[in-house]
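Chains A and B are the protein sequences, given in the same order. For the first sequence, position 249 (counting from the first letter as 1) is numbered 249 according to our numbering, and the numbering increases by one without interruption. Take any residue in the second sequence, count from 1 to its spot, add 1000: that is its number in our numbering.
Hints were generated in silico from the structure; no laboratory data involved. Hints may be right or wrong, so weigh each one.
[Said to hold, decoys possible] Mimicking DMTMM-like on lysine to aspartate or glutamate, the simulated pairs with C-alpha atoms at most 20 Å apart in a straight line are:
no., chain 1, residue 1, chain 2, residue 2
1, B, Lys1242, B, Glu1273
2, B, Lys1014, A, Glu273
3, B, Lys1133, A, Glu84
4, B, Lys1242, B, Asp1281
5, B, Lys1117, B, Glu1175
6, B, Lys1235, B, Asp1279
[Said to hold, decoys possible] Selected chain B positions facing chain A (Cβ under 8 Å, derived; list incomplete):
no., residue
7, Ala1078
8, Pro1082
9, Thr1084
10, Asn1086
11, Phe1099
12, Ala1104
Note that this is a predicted model, so its numbers are computed, not measured. All C-beta atoms in this analysis are idealised placements derived from N, C-alpha and C, irrespective of residue type, glycine included.
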Amino acid sequence: MITSISAVAGIELRIAIRNRWVLISVLLMTLFALALVFAGSAPTGVLGIDLLTVSVASLTTLTVYLAPLLALLLSFDGISGEAERGSLPLLLTYPTSRGAILAGKAIAHILILLLAICIGYGIAGLAATLAGGASAQGVEALLRLCWTAPLLGAAFLGIGYTLSGFSRQTSTAAALAIAAWLILVVLYDLGILGALVFDDGGVFTSHVFPVLLVANPADAFRIVNVSGSQAASLASGMTNEIGAASSWASLLSLILWPALSLYVAMIVFRRYET
Amino acid sequence: MNSGRLTVENACKKYGRQEVLQDVSLSVFAGERVALLGHNGAGKTTLIKLILGLTGLTGGTIDVFGHPTGSDGARRTAAYLPETVNFHGMLTGREQLRFFARLAGESGKQVDGVLEKVGLASAADKRIGTYSKGMRQRIGLAQVLMRRPQLALLDEPTSGLDPISRRTFYDLVDELAQAGTAVFVSSHALTELEARTDRIHIMASGKLVAAGSLDALRKEAGLPTRITVKAVHEKADAVAAKLGGERVNCSSVQLTFGADEKLDRISAIAGLEKGLVEDVDLAPPSLEDLYRHFTAKGDGSDHIN
Ligand SMILES: Nc1ncnc2c1ncn2[C@@H]1O[C@H](COP(=O)(O)OP(=O)(O)OP(=O)(O)O)[C@@H](O)[C@H]1O
Ligand SMILES: [Mg+2]
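The shape of chain A in the complex, shown without the other chains (with noise of 0.2 Å):
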């Protein structure tokens, strides 16, 4: 069990390398990453507030949007990939389980995530802090974003592997990948403000908005990220007791999403026919 997990986990890791995507992925997100900062860079002073936690704040969007992509490019053809190639069946009457499959992909998956993110986001860091300064919060918060993006990010991956075991072919899952950002990513977060607006105060800002929020992995990495840190209370314009009641539950909705969506895809992938 072991074995096999470490086998498909290191195989995994093996080609990643190989065909370019730890590149690709550690670049994409360096090269935003110091976009952002000095994009940043030039309001500073302004609110006696040091670079560094600027930039986390406007990490912590871009996050919102990359990690999630990656993610769905690292895993759209997890299962449907292996299908449409043959090497499914033969992977499969291997005495190893389908669990094992995964789990080494998985893994595989969320170190190049890891590592895409710490790299690109340490440097960004570095840069901020050598261009204008940090604070202790400053390092708190990057170092919370290099923690729970990697969690959103497994999030997605869940998602690509389910979206992957639906598909007959790897051209259907990137499809549906890409459809899963625009809705999870962007429509979402569109809908609910829209409703908001619409209701104009009423039940639905209440009640249904805040769990709607919180339900999101993308808007539970926000919250966690923004209520943390001081940057927050600027950037959100949220009150304080909002902000702490729905920060734990946001934590809990980040971790219990890659959870949840690997379990699923688990299941999708022990019924998949091959």
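Using the hints, position chain B with the ligands against chain A.
Below, chain B with the ligands without anything else, positioned relative to chain A:
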């Protein structure tokens, strides 16, 4: 259940409402080489997948050397060479095999030896993406050999191999069988199977229409044996008259008869006076003849021509 063989009993498989396999029963013993023949869509791959537990039976039972299909024990017992193998192009042959060795719970010591055996030693560190079709097929075979399985299920293993590679392939299969592996091969390459298998199963439209050794199949089919006698110049008519055969061209006479008459016919030819016969060619019904005979008989209604 017997633990020294593969037993398939009354296996049935439906895909939707289509009956792909109907009541197939067979067994393959340790050390035996057994062939599975059948037209495109006859159900060969389906049968192999059922044995491997890759898809579920709709009826009947399959026992893999004492283990139910799809169980961990069965998967430890059987190795599989799929019909179409496509490994990840980014990996080298050696990396791919090391991976399979680890999955099988082995150390990977045998990888080099197996690569040597299938003739890939010099290409072992090149990416599989650069391999020819035959080379990829050999990686597939290598992972079977590496596992030294009790049962090897090979689905059209020689498709895409050149004549020399085919021969080496069957040498390796013989070696496997000699080491005690039960080898089950599906194929369309009839001539090569003729010499290289102990028993043959013929399928048509999901049913097993014949099973047995080549000799047994010949007996069962009762197809005529053919002798072509090449007569000395201008003696063909004389030869035809004496042997009771049919003249097919200016110098050849053809005799067609049942298998039991063979010795009589040969001695009749040997008994002819000198100076009449130049050469004799004896052709028992080939596997192809048998295959045609059995698949035509067994209602190959949806046979694709
Ligand atoms: N997954 C599937 N879903 C539906 N029908 C299937 C499936 N797999 C096979 N079939 C059908 O089952 C029948 C037997 O297919 P199978 O692949 O076993 O044939 P085969 O004997 O291996 O043929 P070939 O010589 O072409 O490889 C075919 O009619 C095919 O259409
Ligand atoms: Mg087939």
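Hint-by-hint comparison with the structure:
1. B:Lys1242 to B:Glu1273: holds, 10 Å
2. B:Lys1014 to A:Glu273: Given that 20 Å is the threshold and the Cα spacing comes to 14 Å, the pair holds.
3. B:Lys1133 to A:Glu84: holds, 17 Å
4. B:Lys1242 to B:Asp1281: Holds: Lys1242 of chain B and Asp1281 of chain B sit about 17 Å apart, inside 20 Å.
5. B:Lys1117 to B:Glu1175: holds, 11 Å
6. B:Lys1235 to B:Asp1279: This hinted pair holds, its Cα atoms lying about 13 Å apart.
7. Ala1078: holds, 7 Å
8. Pro1082: Nearest chain A Cβ about 5 Å off; hint holds.
9. Thr1084: Hint on Thr1084 of chain B: holds, closest Cβ of chain A at ~5 Å, below 8 Å.
10. Asn1086: It holds, given that the least Cβ distance between Asn1086 of chain B and chain A is near 4 Å, below 8 Å.
11. Phe1099: Check passed: Cβ of Phe1099 of chain B comes within 5 Å of chain A, closer than 8 Å.
12. Ala1104: holds, 6 Å
Of the numbered hints listed earlier, not one is contradicted by the structure.
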